[in-house]
Structure formats: C-alpha cells, structure tokens
Amino acid sequence: DGGITQSPKYLFRKEGQNVTLSCEQNLNHDAMYWYRQDPGQGLRLIYYSQIVNDFQKGDIAEGYSVSREKKESFPLTVTSAQKNPTAFYLCASSTWDGNYGYTFGSGTRLTVV
Amino acid sequence: SQQGEEDPQALSIQEGENATMNCSYKTSINNLQWYRQNSGRGLVHLILIRSNEREKHSGRLRVTLDTSKKSSSLLITASRAADTASYFCATDAPWGAGGTSYGKLTFGQGTILTVHP
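Residue numbers (the numbering used here), protein chains in the order written: chain A, 864 to 976; chain B, 149 to 265.
The set of hints was computed from the structure by calculation and includes no laboratory data.
Cβ atoms here follow ideal geometry from the backbone N, Cα and C, with glycine treated the same way.
Be aware that a few hints might be false.
[To be verified] Partial list, computed: chain A residues near chain B (C-beta under 7 Å):
| id | residue |
| --- | --- |
| 1 | D960 |
| 2 | G964 |
| 3 | S969 |
| 4 | G970 |
[What the hints assert, rightly or not] Some chain A residues well away from chain B (every beta-carbon gap over 10 Å; in silico):
| id | residue |
| --- | --- |
| 5 | Q880 |
| 6 | E887 |
| 7 | A894 |
| 8 | Q913 |
| 9 | E925 |
| 10 | R931 |
| 11 | T966 |
Produce the complete structure using the sequences and hints provided.
Quick look at the structure:
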C-alpha cells in the first residue's frame, strides 16, 4: 500500500540536543512538506521541497533544518537553536502542483525533557 | 501567515443533525481543501474545490466556494459519532516569481466537531 511513514511516533529531546524526525513516502510524490502543530492550533509550515536536492523555508524555519537527497525521504532536524520545540510534527507529500491534496503521515510528538 | 479563519471554533451536535463549518481567506486562491484530523493523528484529505467551481459533493460532504466573498463552507449531512474530529480548511494560493507556483497549503485554525450519540 502506498503511504507516508513518520518515525518515531514519540520523541524526547534534552536541552541543547539535536534530534532528527524521519519522513518516508512511497507514493512517487515530487513535493514534501513539514508542518508544526501546537495544541489547539492549526498547522504552520516549516520547510517544503518540490524536487530532490531543493527545499525552501516556510513560515517558521528558524531552528530547523532539512535535506532532500532522495525523492522518497525528507528528514527534519530540530536543532538546539529551536527554543520551543515541544509540538506535534506532521510530514506530508503531494504531486508537484498539489492539485490532488496532501497525504499526511501520522505525526511525531516531540517533547523537551 | 494565517490565510484561513474558521468559524465556529467548536461545534457540538447530536447524531443525525447536519454540521456546517465556515472558512474565510484573504488572497486569491488556486483551490481550497478540507481536511479532517482525529485526535493525535495526521490529517486526512476530504475534498478539494477549485477556484472556478462553486459547489462540490462527496458522499455526505458538500463544499461551497464563494470567491467574491473569499469564503467556503463544509456541510456534513446526517452526522455520526464517528465524524467527531477537528476539521481544517487549507488554501492553495499562487506564490513564487510571477505568482505561477502552486501546491503550498496554508491551514486555518480548525473547527472542533463533537457529535453526540
């Protein structure tokens, strides 16, 4: 079955530590996205990529980094520069023009301990 | 930047009743989409309506789009307890050089729908 997989489901980060969230899709989608969701809030765009080896900052990119070395994979690193990283992180993919909607992963809940 | 605003923030109804959620946005769009999110889960795409369409149906869902008022509504008919979830509208507005790129969605804050058995 085609889909998008995020791992891990839960992640705990210590102060000053970098952590990487995984996102893999087998839908042959060109575009991939990372969103952050805070409790009771909508989604805010962190980074997006429309093609391999290219990505663009979204609205809240500070403290985050990404790579797109393969079409299937779009990992997100939450760096120590991100001062308030506790949130629910959602990865999504779509065709290059998004004209058929996004497919979302099941999310990673990141908590700072 | 928050493109869409949804109304109401929360809606509580009985099974069998209809539920209507509204979304307003600020700029011209290519399309508008509705998503559902069950608690603690990812979002599920429900329906997409293009800027040149006025109404679209999918099963018990009916979406309308009024580009002159920059607003959309989602109607769920004959609601069920399983429809309990948060519902988000998302707009695909032109971006990039010349405003010719698409596919980057901006989400509203969502409407929390509770359907009581």
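How the hints compare with the structure:
1. Interface restraint check for D960 of chain A: the shortest CB-CB distance to chain B comes to about 5 Å, inside 7 Å, so the restraint holds.
2. With a least beta-carbon distance of about 4 Å to chain B, the hint placing G964 of chain A at the interface is held under the 7 Å criterion.
3. Annotation: S969 of chain A was flagged as interfacial toward chain B, and the flag holds, the nearest CB pair being 5 Å apart, inside 7 Å.
4. The closest approach between the C-beta of G970 of chain A and any C-beta of chain B is roughly 5 Å, which is under the 7 Å cut-off, so the hint is satisfied.
5. For Q880 of chain A, the condition that its CB be more than 10 Å from all CB atoms of chain B holds, with the nearest at approximately 24 Å.
6. At roughly 14 Å, the least C-beta separation between E887 of chain A and chain B is larger than 10 Å, which holds for a residue marked as non-interface.
7. At the 10 Å boundary, the C-beta of A894 of chain A falls inside the reach of chain B, the nearest C-beta of that chain being 6 Å off.
8. Not every CB of chain B is more than 10 Å from the CB of Q913 of chain A (nearest about 7 Å), against its label as outside the interface.
9. The non-interface label for E925 of chain A is consistent with chain B: the shortest C-beta to C-beta separation is roughly 15 Å, beyond 10 Å.
10. Non-interface call for R931 of chain A relative to chain B: holds, since the shortest CB-CB distance, roughly 15 Å, exceeds 10 Å.
11. The beta carbon of T966 of chain A sits about 7 Å from the closest Cβ of chain B, which is not more than 10 Å, so the claim that it is off the interface is violated.
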